[in-house]
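**Q** Sequence:
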Amino acid sequence: MPVDPRAVLTRPAPEPDRTVAYGDDPNQVADLRLPTGSGPARPLVVVLHGGFWRAEYDRRHTGPLAAALAAQGYPVAQLEYRRTGQPGGGWPGTLTDVLTGVAELPALAAEALPGRVSLAAPILVGHSAGGHLGLYVAATAPATVSGVLALAPVADLGEAYRRNLDSGAVAELLGGGPTQVPDRYAATDPRMLVPIQTRTVVVHGSDDHQVPVEMSRDFVPEARAAGSDISLVELPGCEHFGLIDPESAAWPHVLAVLRSLHDDH
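Yeah, the sequence shown ends on 265 if you go by UniProt numbering, and it's all consecutive.
For the record, the hints were derived by calculation from the structure and aren't laboratory data. On a predicted model such as this, the values are computed, not experimentally measured, just so you know. It is possible that some hints are incorrect.
What follows is a set of in silico ranges between Cβ atoms, one per label pair, in the way DEER data are often shown [stated by the list, open to error]:
(1) Gln72 x Thr10: 18 to 24 Å
(2) Gly73 x Thr179: 34 to 40 Å
(3) Val181 x Gly85: 15 to 21 Å
(4) Ala249 x Pro87: 37 to 43 Å
(5) Pro252 x Pro40: 22 to 28 Å
(6) Arg259 x Glu234: 14 to 20 Å
(7) Ser167 x Thr36: 37 to 43 Å
Note that CB positions come from ideal geometry on N, CA and C, so glycine has one too.
When you get a sec, could you build the whole thing from the sequences and use the hints?
**A** Structural data, given as structure tokens:
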């Protein structure tokens, strides 16, 4: 019987070692995981979860991913943020939450996990809508990020709106379409924010039905032509959720890309 690719979304994971707050709202928090083993303080890996920015999806479904990264020796933070359908979520709160969290988490994590987290700018690992958020942070606050691993990112909000991904998710995030709120798209759409100077690798499965791979195939060459430090790794036969599943065939590829980004720092 084939394995349900969505199984990772509900798979239990070890509880985080600490949870820290970067704001007053219950969603302005991050779960921290200690790296396995000993060694010098390392840059934080910040996981930005997907779910099309909606309230029904939270950071817990990235528990298996985060635990697997910690087992590889990375200090990890699973960043939560206000989402559409929640007070303060959507425009602009979802975006400002992630900007604030990414900027403040290295110091918060270094204090909570003494000796294990350096104050260097973190690596962002974002999946789906979280991939969009990672690209957005790198484009608008590059000093706070040292690298981005964007897994099946929603890299083109205008195109995602036209394709009606997840039944209007982009319009819910930004409060309308590109002709209704063009300034919001200009401020948040990675396609309109290039070049992205932060080193970025996009990983996308060829069989993705949630975020079509064509979006990354179009975005990455265009971003590179504009001067971005970006590349695309396309995984044949991989769907959307394998990219965050440590038990999937895609996982070794994801880990190799993260290692190449992290080891530069």
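**Q** The hint says 15 to 21 Å between Val181 and Gly85; measuring C-beta to C-beta, is that right?
**A** 18 Å, holds
**Q** If you check the beta carbons of Gly73 and Thr179, does the distance land in 34 to 40 Å?
**A** For Gly73 and Thr179 the Cβ distance comes to about 48 Å; the hint is violated.
**Q** Do Pro252 and Pro40 keep their Cβ atoms within the hinted range of 22 to 28 Å?
**A** 25 Å, holds
**Q** Regarding Ala249 and Pro87, is the given constraint of 37 to 43 Å on their beta-carbon distance met?
**A** The hint (37 to 43 Å, Cβ to Cβ) holds, given that Ala249 and Pro87 are roughly 40 Å apart.
**Q** Given the hint of 14 to 20 Å, check if Arg259 and Glu234 actually sit that far apart at their C-beta atoms.
**A** 19 Å, holds
**Q** Against the range 37 to 43 Å, how does the distance between the Cβ atoms of Ser167 and Thr36 compare: consistent or not?
**A** Distance hint for Ser167, Thr36 holds at roughly 40 Å.
**Q** For Gln72 and Thr10, compare the CB-CB distance with the range 18 to 24 Å and indicate the outcome.
**A** With a Cβ separation near 23 Å, Gln72 and Thr10 satisfy 18 to 24 Å, so the hint holds.
In this structure, the one hint that does not hold is number 2.
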